[in-house]
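Visitor: Please construct the entire structure, taking both the sequences and the accompanying hints into account.
Next come the chains, spelled out residue by residue.
4 protein chains.
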Amino acid sequence: MESIHPQEPVDPQIKKRVSESFDRQRLMKLYGAKLTGIGRGQIEMTVPSSETLLRTSGNFHGGVIAAMADSSGGYAATTLHAEDVSFLTIEFKVNFLNQARGSKLIARARVIKAGRTITVAQSDLYTDYNGAEIQVATALLTFIKEKK
Amino acid sequence: MESIHPQEPVDPQIKKRVSESFDRQRLMKLYGAKLTGIGRGQIEMTVPSSETLLRTSGNFHGGVIAAMADSSGGYAATTLHAEDVSFLTIEFKVNFLNQARGSKLIARARVIKAGRTITVAQSDLYTDYNGAEIQVATALLTFIKEKK
Amino acid sequence: MESIHPQEPVDPQIKKRVSESFDRQRLMKLYGAKLTGIGRGQIEMTVPSSETLLRTSGNFHGGVIAAMADSSGGYAATTLHAEDVSFLTIEFKVNFLNQARGSKLIARARVIKAGRTITVAQSDLYTDYNGAEIQVATALLTFIKEKK
Amino acid sequence: MESIHPQEPVDPQIKKRVSESFDRQRLMKLYGAKLTGIGRGQIEMTVPSSETLLRTSGNFHGGVIAAMADSSGGYAATTLHAEDVSFLTIEFKVNFLNQARGSKLIARARVIKAGRTITVAQSDLYTDYNGAEIQVATALLTFIKEKK
Chain D
31 MESIHPQEPV DPQIKKRVSE SFDRQRLMKL YGAKLTGIGR GQIEMTVPSS
81 ETLLRTSGNF HGGVIAAMAD SSGGYAATTL HAEDVSFLTI EFKVNFLNQA
131 RGSKLIARAR VIKAGRTITV AQSDLYTDYN GAEIQVATAL LTFIKEKK
Chain Y
31 MESIHPQEPV DPQIKKRVSE SFDRQRLMKL YGAKLTGIGR GQIEMTVPSS
81 ETLLRTSGNF HGGVIAAMAD SSGGYAATTL HAEDVSFLTI EFKVNFLNQA
131 RGSKLIARAR VIKAGRTITV AQSDLYTDYN GAEIQVATAL LTFIKEKK
Chain A
31 MESIHPQEPV DPQIKKRVSE SFDRQRLMKL YGAKLTGIGR GQIEMTVPSS
81 ETLLRTSGNF HGGVIAAMAD SSGGYAATTL HAEDVSFLTI EFKVNFLNQA
131 RGSKLIARAR VIKAGRTITV AQSDLYTDYN GAEIQVATAL LTFIKEKK
Chain F
31 MESIHPQEPV DPQIKKRVSE SFDRQRLMKL YGAKLTGIGR GQIEMTVPSS
81 ETLLRTSGNF HGGVIAAMAD SSGGYAATTL HAEDVSFLTI EFKVNFLNQA
131 RGSKLIARAR VIKAGRTITV AQSDLYTDYN GAEIQVATAL LTFIKEKK
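Residue numbers (my numbering), protein chains in the order written: chain D, 31 to 178; chain Y, 31 to 178; chain A, 31 to 178; chain F, 31 to 178.
Think of the hints as simulated: they come from the structure by calculation, not from any bench. For clarity, every value in this text was computed on a predicted model and none was experimentally measured. Here a beta-carbon is modelled for each residue, glycine too, at the ideal position from N, C-alpha and C. Hints should not be assumed to be uniformly reliable.
Calculated lysine-lysine pairs in the DSS-like style (CA-CA distance at most 27 Å, straight line) [stated by the list, open to error]:
hint, chain 1, residue 1, chain 2, residue 2
1, F, LYS134, F, LYS64
2, A, LYS175, D, LYS177
3, A, LYS59, A, LYS134
4, A, LYS134, A, LYS46
5, D, LYS59, Y, LYS59
6, F, LYS134, D, LYS143
7, A, LYS64, F, LYS59
Going by beta-carbon spacing under 8 Å, a handful of chain A positions derived as facing chain F [what the hints assert, rightly or not]:
hint, residue
8, HIS91
9, ALA96
10, ALA97
11, ASP100
12, ILE120
13, ASN125
14, GLU163
15, GLN165
Guide: Laid out in structure tokens, this is it:
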């Protein structure tokens with residue numbers, strides 16, 4: 031795993047923990063999703079196009095886009111904590127901006143507010159369409175820190 | 031396909047069209063989703079629990095819940111039209127209300143406003159947990175009628 | 031104050047507390063809003079039409095509708111607690127469904143999930159237009175219980 | 031009116047039209063809101079703190095924040111059109127990030143997608159608190175171009 035758009039490096043221990051947690055997520059495996067970037071408060075994930083993830087129109091299904099937004103936002107939240115903390119999604123909203131066609135779907139999430147109880151993140155989603163990135167969606171997500 | 035919670039019957043032609051369209055959706059097939067109810071402006075879909083759809087916590091993944099909300103809302107919109115119309119999701123918001131564990135996930139959508147261009151639907155999501163239904167999420171969704 | 035659409039009566043002490051708190055809200059006073067109904071987990075508020083609350087189109091301003099959704103949802107949350115608890119709005123989403131014209135704007139909120147930390151409410155908004163109620167908006171709102 | 035954060039200058043005719051339209055908005059006048067910046071696809075508005083706009087806690091009321099988000103997003107959409115076009119708000123979602131206290135409330139909106147029918151904008155809201163800007167909210171808004 032490499033960090034494609036890091037702004038601030040993240041502790042190697044946190045990187046390892048996030049990476050291992052991601053590998054246990056079966057839905058991400060089902061989609062063929064990879065963790066392709068990690069920074070402090072930032073996550074990038076990438077899903078290659080495959081027939082089952084597309085609508086009959088050839089666009090990535092909104093449910094796949096939403097799942098990637100949710101996962102990327104949640105992992106972005108965990109990168110800010112040294113301890114093994116997990117976050118539950120309280121709610122999110124996603125706007126679809128352009129037709130989601132292309133060879134892969136990329137989710138880039140960043141934390142915009144990390145509170146004591148509540149964390150808010152935004153995830154921007156892109157497709158790679160003939161070598162150019164097109165923004166296909168943006169999501170605002172609210173998480174609650176879960177006591178372990 | 032039977033209508034589990036119909037309030038107003040839907041034209042058999044529309045029922046056939048929705049059913050055939052649903053059967054072409056590969057993501058729904060991947061999830062094992064079935065169309066279990068249809069009425070005027072209403073759709074019910076059911077997904078049996080399976081390992082790939084669950085988080086490591088044993089709850090249905092938020093991305094699966096969101097996909098079911100999106101699909102059920104979109105199909106609910108199409109039931110109001112005699113012609114073969116399709117709807118694009120502009121945006122949606124989903125609130126997670128309870129832990130999503132149980133033997134199946136049920137999405138029940140209804141149109142709350144069918145405008146000339148814009149249709150708004152709400153989808154309520156439940157799990158069957160030891161024989162009792164628990165509401166696990168609610169979503170508000172906005173669609174735009176697509177010209178064919 | 032009378033309860034217009036009560037489903038379950040609320041304790042008189044709670045009613046008194048909510049009513050007094052409402053009377054201290056200056057924005058509600060500025061709008062001319064009244065508390066017109068209260069039940070367990072339910073609030074109704076009404077605002078008479080006045081020039082300053084309308085867009086130049088003659089419709090109630092979306093910001094006024096949003097404010098009424100927010101206030102009604104927050105007060106609905108407090109009706110479920112015997113102690114003097116307050117709720118902060120984490121986020122909300124509002125869909126505008128029809129032109130908001132008429133002699134008054136009515137917000138009817140109900141709690142759909144009261145958790146230990148997080149409460150979710152829905153507020154439906156109507157105008158009285160020539161004696162008929164028209165639903166002009168619906169909002170989903172998330173609150174966090176504030177420690178006092 | 032000056033442009034505080036312009037990225038791309040806007041045509042003087044459009045600036046004049048937006049400014050005149052803003053001056054007709056009575057709710058903005060009631061709040062004491064001023065148009066303090068305009069660029070291509072961008073609007074900034076500022077509201078000075080005043081007792082009626084605050085909760086009893088001393089924070090700007092969420093309804094005022096929502097109204098500023100809505101207005102700034104809608105005007106940002108109009109800056110992209112030479113003709114006198116207006117936009118109706120279909121829906122929006124706002125997340126509250128920090129306590130909204132300070133001497134003024136600033137809304138900065140930018141269009142993130144201008145489609146043929148649908149326009150999506152984001153509005154970030156700040157307070158000036160002892161000379162420092164604090165982000166108090168962010169909103170995602172969906173508009174539909176209105177035929178005149």
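Visitor: Indicate, hint by hint, whether the structure satisfies it.
Guide: Here's how the hints hold up against the structure:
no., hint, result
1, LYS134/F x LYS64/F, "11 Å, holds"
2, LYS175/A x LYS177/D, "17 Å, holds"
3, LYS59/A x LYS134/A, "15 Å, holds"
4, LYS134/A x LYS46/A, "25 Å, holds"
5, LYS59/D x LYS59/Y, "17 Å, holds"
6, LYS134/F x LYS143/D, "21 Å, holds"
7, LYS64/A x LYS59/F, "23 Å, holds"
8, HIS91, "5 Å, holds"
9, ALA96, "4 Å, holds"
10, ALA97, "2 Å, holds"
11, ASP100, "5 Å, holds"
12, ILE120, "6 Å, holds"
13, ASN125, "4 Å, holds"
14, GLU163, "21 Å, violated"
15, GLN165, "14 Å, violated"
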